[in-house]
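Work out the full structure: start from the sequences and follow the hints.
Line by line, the protein sequences are chains A and B. Heads up: the first sequence at position 465 corresponds to 465 in our numbering, and the numbers run straight through without jumps. To convert, take the position in the second sequence, counting from 1, and add 1000; that gives our numbering.
Because the hints were derived from the structure by calculation, they are not lab data. Wrong hints could be hidden among the right ones.
Quick list of the computed label-pair ranges, beta carbon to beta carbon [to be verified]: (1) E244/A <-> N1324/B: 53 to 61 Å; (2) S294/A <-> K1122/B: 38 to 46 Å; (3) V1157/B <-> R136/A: 50 to 58 Å; (4) T210/A <-> T1295/B: 44 to 52 Å.
Quick list of in silico lysine-lysine cross-link-like pairs, DSS-like style, CA-CA up to 27 Å [claimed, not checked]: (5) K1318/B <-> K151/A; (6) K248/A <-> K1151/B; (7) K58/A <-> K1142/B; (8) K1058/B <-> K151/A; (9) K121/A <-> K1194/B; (10) K1151/B <-> K194/A; (11) K1058/B <-> K248/A; (12) K1318/B <-> K1075/B; (13) K248/A <-> K1153/B; (14) K1248/B <-> K123/A; (15) K248/A <-> K1059/B; (16) K1248/B <-> K121/A; (17) K248/A <-> K1121/B; (18) K248/A <-> K1318/B; (19) K281/A <-> K1153/B; (20) K1248/B <-> K75/A; (21) K122/A <-> K1248/B; (22) K248/A <-> K1078/B; (23) K151/A <-> K1281/B; (24) K1248/B <-> K59/A; (25) K281/A <-> K1151/B; (26) K1248/B <-> K78/A; (27) K1318/B <-> K1142/B; (28) K277/A <-> K1153/B; (29) K1277/B <-> K153/A; (30) K1151/B <-> K1075/B; (31) K1140/B <-> K153/A.
Only some residues are given here: those of chain A computed to face chain B with a beta carbon under 10 Å [as the list claims (entries may be wrong)]: (32) P115; (33) F156; (34) C202; (35) E215; (36) N340.
For glycine and all other residues, C-beta sits at the position ideal for the given N, C-alpha and C.
Number of protein chains: 2
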Amino acid sequence: MRNLSFYERFSRTFREYPSISRFLVVFAVSGGGLVAYSEGNIQTGAKIDELPEAGSEKKRVVILGTGWAGTSFLKNLKNPSYDIQVISPRNYFAFTPLLPNVTVGTVEARSVVEPIRNIIKKKNLNVIYWEAECYRIDAKTKKVYCRSSEKDKEEFVVDYDYLVIAMGARVNTFNTPGVEENCHYLKEVEDAQKIRRTVIDCFEKACLPTLSDDERKRVLQFVVVGGGPTGVEFAAELHDFVSEDLVKLFDKRIATFAEENFHRDGIDLRTGEMVVKVSDKEISTKVIKTGETSTIPYGMAVWSTGIATRPVVMDFMKQIGQANRRVLATDEWLRVEGTNSIYALGDCATINQRKVMEDISAIFQKADKDSSGTLTVKEFQEALDDICDRYPQMKNLPATAQVAAQQGSYLADCFNRMEQCTKNPEGPLRFREFGRHRFRPFRYKHLGQFAPLGGEQTAAQLPGDWVSIGHSSQWLWYSVYASKQVSWHTRSLVVSDWMRCFIFGRDSSQI
Amino acid sequence: MRNLSFYERFSRTFREYPSISRFLVVFAVSGGGLVAYSEGNIQTGAKIDELPEAGSEKKRVVILGTGWAGTSFLKNLKNPSYDIQVISPRNYFAFTPLLPNVTVGTVEARSVVEPIRNIIKKKNLNVIYWEAECYRIDAKTKKVYCRSSEKDKEEFVVDYDYLVIAMGARVNTFNTPGVEENCHYLKEVEDAQKIRRTVIDCFEKACLPTLSDDERKRVLQFVVVGGGPTGVEFAAELHDFVSEDLVKLFDKRIATFAEENFHRDGIDLRTGEMVVKVSDKEISTKVIKTGETSTIPYGMAVWSTGIATRPVVMDFMKQIGQANRRVLATDEWLRVEGTNSIYALGDCATINQRKVMEDISAIFQKADKDSSGTLTVKEFQEALDDICDRYPQMKNLPATAQVAAQQGSYLADCFNRMEQCTKNPEGPLRFREFGRHRFRPFRYKHLGQFAPLGGEQTAAQLPGDWVSIGHSSQWLWYSVYASKQVSWHTRSLVVSDWMRCFIFGRDSSQI
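Next comes the structure, spelled out in structure tokens:
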């Protein structure tokens, strides 16, 4: 039987056993390992042998996370003198600015993701990916402790020479009771898919004959808590989805009302209020100035109010003497303060801005080359460039994909030129020690920010204030990202989704 | 504020509250109902008023199910003299023959579904859809009891004049212990998505450094239990997915083994065995002839062995005197035996074939026009046509999409011409009563059956035996269905998915 093709064996079997469908037939489709093992092949295929070991020539770089920061770092890393390991429970990179579009079905979930293994395959570097979650970082022994993400929860330990923490943040519920149980988030692709199903189920439910008028009113009320670009864009997308597509498919009377009202304005914006509690059917709010409380009945609620530090990062902060901080702090080179081989980027960290006044005496001494106790004009001018480089008067950076992507690419560039810059430092003068810093500090270039508001309106912040621009300019925004981060694969999928949607409208199935 | 557009209000608010992102802002996106209600509009929009009432001129047709049978019936129904209500927990029709393709990502989940509301929108009939599950059929009072499918489980009752049961069947586990907890099914779109995620997670897990060789071997072993076309096609698709795409993305040594072995034959077919138990890591089997038992370690198992009657249908069968049967029985006109206004089609029913011998004396009397006690040749010939029409010596029909679709379209045709055929019956002679039957009995036309075996091989049953045909002929099969059932929308989505897949390969993200 060994040399028969699968088809031949199948058809022969079928003829031999005409009543085959009444038996239980077992097909064992063996994946990679099986056949090799069962034939007793010598090489075991176990990857553990290949793990970079301490003392090997190549430095081991471990990247935690496959979001904007981690993926951008990985994509831009070109130096073959590292052994790279990527650890993340998510085996794909998600193009998060399109998540609001996924919620309403204008873009497919799969179109906004790119498998990490595809990215790795394209690189000529030594990269291993583990689908696992890091639950402990030990800075002293230079180890990260990991747990696989499927049900068996295998645990293992990975050694590093350099660690790049790019794990992102968790949703901040501000400890508001009921949020975790009752609200949707909009951080992951799965969140977007769940929101989509819930919106459609709300409409289906509103049609049921048993509902009271009040219940029907409640079920059709969708609440977005939070006023950041994600929340605004989602509210706008949802409004379009409801007014352009969903109402047409449902009861004619509901459609008539909805169309009349949506053409005017279907979104009710409430500012200066905060949410104090969420139950399964109601959101309780309080007006901040007056303390007045009220409740909003809802069918679906999306919580989109900001981010907080993950527990594993909090634990790590305690180890390295940052226990009193709220966010992991790095220096201007993205190196975690209190460590010398750990970097942190993206939403999980913030750059601790040095203040000129703290360093002023050191700067003065350095600039006062003749040790006269006073600075000449020339001495002052010479110091100025270095001062401007290190103290850019930059405020805290917003936690956006743009920042994370730029940090990832900056750090990769540092790693790519590590040797070269150690020999010929290109950074500003060290004020407290001799010589120069190896690298220039990270500088964020704000490329503008767009919040599509549905229909033909998009709000653009370019930079400074928000202005209204045409819908088409949205493309500009996508292309800013697109040129940096996204493969042709993903780009063409998204364009094809838009075309499908343009031709057929959005889809109302629960899928 | 009322006349400002949403965008104007948003940008104004943003300027007034520059620190807006630190507040909790509430957007309430009202769906259909809300604005209408809050403005105190007189019309309530409650759909319950529109429900067809008893005694109204139009007959109320209730369809249970949105699978092949129910959707085919709905699509082919053209007679405007009915009030139609469709009840199903699934608000879409799924093109199930493509589910194996969804499991490996060659076709998108959304591409194989069509929202029921889209189908309804295109019809000029009075159709209402409820997203709910029927949990009790009361044939005496002509009511069906329903429960909405979301978490609140609203209950309501719907009256009918004609009931069309097209609820499909449940998976038959043959009471094998452990199947429900540990095996995947391949009946619904969600099943296909889950299988996809599990296969990829198995590969990710196999890469982990902690796994023993035995564990790695187990995790990469995929088992399909059941030898029907679905199981075969899935095994073949999975084999292609693993050997053509997945192995390339994973460890090089595994890939080398896998490629070598898969090019020969990666599927191990075991017949004449039955599964006796499934644990979370092992399947226990027994050879039917010898009773010898063995165990198969597995990473993922798909149970695809056949179907059984749903509990709600079992309960209904007790009411109408079919308690001793295993499947709901109908006559040749798809009418449930023991009722006169309930029809059943698709996987949930079987046509009870009349046996000529049971009716032979009635036939003889009818044919013996001169009551001579003997049939002349002429008398016999005249009876023959009617006999052939009613006793086609047909075996039980297979539970396939083809049968369900043809039954739906047959029954719709009967409903379309109900009045006309009541006046001018076109069916065969009634042997026990006077006159003719209203309609010709349902006749199944077997259009062949194809089981794509992966790669370039497809097995075709055309009709009678299985033969190997080229892969391209698969298109023939799809087009047989496609011409009958599927909208241009779905067809073009599927073609575009195939093109994507052809260009970019299958995707390995968990999405």
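Consistency of the hints with the structure:
| no. | hint | in the structure |
| --- | --- | --- |
| 1 | E244/A <-> N1324/B: 53 to 61 Å | holds (54 Å) |
| 2 | S294/A <-> K1122/B: 38 to 46 Å | holds (43 Å) |
| 3 | V1157/B <-> R136/A: 50 to 58 Å | holds (57 Å) |
| 4 | T210/A <-> T1295/B: 44 to 52 Å | holds (50 Å) |
| 5 | K1318/B <-> K151/A | violated (42 Å) |
| 6 | K248/A <-> K1151/B | holds (25 Å) |
| 7 | K58/A <-> K1142/B | violated (78 Å) |
| 8 | K1058/B <-> K151/A | violated (55 Å) |
| 9 | K121/A <-> K1194/B | holds (25 Å) |
| 10 | K1151/B <-> K194/A | holds (14 Å) |
| 11 | K1058/B <-> K248/A | holds (25 Å) |
| 12 | K1318/B <-> K1075/B | violated (31 Å) |
| 13 | K248/A <-> K1153/B | holds (25 Å) |
| 14 | K1248/B <-> K123/A | holds (14 Å) |
| 15 | K248/A <-> K1059/B | holds (26 Å) |
| 16 | K1248/B <-> K121/A | holds (8 Å) |
| 17 | K248/A <-> K1121/B | holds (8 Å) |
| 18 | K248/A <-> K1318/B | violated (42 Å) |
| 19 | K281/A <-> K1153/B | holds (15 Å) |
| 20 | K1248/B <-> K75/A | holds (19 Å) |
| 21 | K122/A <-> K1248/B | holds (11 Å) |
| 22 | K248/A <-> K1078/B | holds (21 Å) |
| 23 | K151/A <-> K1281/B | holds (12 Å) |
| 24 | K1248/B <-> K59/A | holds (26 Å) |
| 25 | K281/A <-> K1151/B | holds (12 Å) |
| 26 | K1248/B <-> K78/A | holds (21 Å) |
| 27 | K1318/B <-> K1142/B | holds (16 Å) |
| 28 | K277/A <-> K1153/B | holds (25 Å) |
| 29 | K1277/B <-> K153/A | holds (25 Å) |
| 30 | K1151/B <-> K1075/B | violated (30 Å) |
| 31 | K1140/B <-> K153/A | violated (54 Å) |
| 32 | P115 | holds (4 Å) |
| 33 | F156 | holds (5 Å) |
| 34 | C202 | holds (7 Å) |
| 35 | E215 | holds (9 Å) |
| 36 | N340 | violated (27 Å) |
Hint compliance for this structure: hints 5, 7, 8, 12, 18, 30, 31, 36 are broken, all remaining hints hold.
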